[in-house]
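Using my numbering, the first residue of the sequence shown is number 3, and each one after it goes up by one.
Among the clues, some could well be false.
[To be verified] The calculated DSBU-like cross-link candidates involving lysine-lysine, where the alpha carbons are at most 35 Å apart (straight line), are: (1) Lys-124 x Lys-176; (2) Lys-176 x Lys-208; (3) Lys-124 x Lys-208; (4) Lys-208 x Lys-170.
[Said to hold, decoys possible] Have a look at the derived ranges for each label pair, beta carbon to beta carbon: (5) Arg-122 x Ser-232: 20 to 26 Å; (6) Lys-170 x Asp-100: 24 to 30 Å; (7) Asn-56 x Asp-184: 33 to 39 Å; (8) Gln-198 x Asn-128: 17 to 23 Å.
Hint data in this document are derived by calculation from the structure and do not stem from the laboratory. Using N, Cα and C, we set each Cβ at its ideal position, and we do this for glycine too.
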Amino acid sequence: MRTREKKRAISIVQAVLVALVVLGAAWLVFKLVGYNQAQQIYRDADVAYAADVNGDYAGEPCPIDFESLRATYPDAVAWLKMDDVDISYLVVQGQDNDHYLHYDPSGAANIDGSIFLDARTKSLDNDLYAIVYGHNMLDESMFGQLDNYTSADFYNHGSGSFYLYTPKASYRYKIFAVNIVDQEDDIYQMGFVNTQVFSGFVSQLKQNSMYDTGVSASGSDHIVTLSTCSSTDRLVISAKRM
Numbered sequence: 003m004r005t006r007e008k009k010r011a012i013s014i015v016q017a018v019l020v021a022l023v024v025l026g027a028a029w030l031v032f033k034l035v036g037y038n039q040a041q042q043i044y045r046d047a048d049v050a051y052a053a054d055v056n057g058d059y060a061g062e063p064c065p066i067d068f069e070s071l072r073a074t075y076p077d078a079v080a081w082l083k084m085d086d087v088d089i090s091y092l093v094v095q096g097q098d099n100d101h102y103l104h105y106d107p108s109g110a111a112n113i114d115g116s117i118f119l120d121a122r123t124k125s126l127d128n129d130l131y132a133i134v135y136g137h138n139m140l141d142e143s144m145f146g147q148l149d150n151y152t153s154a155d156f157y158n159h160g161s162g163s164f165y166l167y168t169p170k171a172s173y174r175y176k177i178f179a180v181n182i183v184d185q186e187d188d189i190y191q192m193g194f195v196n197t198q199v200f201s202g203f204v205s206q207l208k209q210n211s212m213y214d215t216g217v218s219a220s221g222s223d224h225i226v227t228l229s230t231c232s233s234t235d236r237l238v239i240s241a242k243r244m
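Kindly generate the complete structure, drawing on both the sequences and the hints.
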């Protein structure tokens with residue numbers, strides 16, 4: 003009897019292990035399909051709308067054809083390009099900050115999500131402060147290369163700049179602070195209308211930076227923070243409009 007029970011227990015364990023392997027394989031396939039779908043969308047968009055966008059267009063008319071871009075991706079609000087890392091992505095904005103964590107710019111469900119502007123932002127051109135979010139992908143796509151900026155040496159050997167193009171204008175931003183924070187940090191507050199309060203906020207960003215970038219910032223600057231996951235915390239890179 004004991005032998006029979008032992009064999010039965012072994013069979014159950016084997017069945018559970020097989021089920022786990024099958025589920026794991028299915029999840030991996032699902033991840034790969036979603037990843038390939040998202041990357042194809044971004045590649046197509048980059049080729050169609052931003053392939054010839056290189057260099058500093060700050061102060062010049064936007065080089066991106068947003069009318070055509072929005073015909074395909076209605077929620078597109080900006081385009082982000084970075085000097086020192088391979089990041090060139092359209093930026094979308096949803097009704098909340100959850101939707102585009104799980105959907106690609108075409109509106110299809112995708113676990114890789116999108117690069118998106120905080121839903122509380124009224125105007126990227128006019129707001130004192132804005133946040134752009136993106137997943138930290140293991141293959142270094144999306145915001146997966148932002149980890150490079152945790153190194154002062156990497157920062158010092160690059161330009162420390164990125165560009166945001168909106169339907170209205172082209173902007174160059176200079177990184178002044180790199181921080182690791184938790185998801186409840188004050189860095190995620192929005193809606194600044196008091197310059198004095200905002201000055202204190204910007205000063206705290208600069209003070210908490212992992213290293214001194216040598217770039218000053220004040221409450222009179224327009225600030226954009228790029229935010230992505232870093233283990234259980236968040237990597238945030240703050241820059242001022244030049």
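Hints and how they fare:
no., hint, in the structure
1, Lys-124 x Lys-176, "holds, 22 Å"
2, Lys-176 x Lys-208, "holds, 13 Å"
3, Lys-124 x Lys-208, "holds, 25 Å"
4, Lys-208 x Lys-170, "holds, 29 Å"
5, Arg-122 x Ser-232: 20 to 26 Å, "holds, 22 Å"
6, Lys-170 x Asp-100: 24 to 30 Å, "holds, 27 Å"
7, Asn-56 x Asp-184: 33 to 39 Å, "holds, 37 Å"
8, Gln-198 x Asn-128: 17 to 23 Å, "holds, 19 Å"
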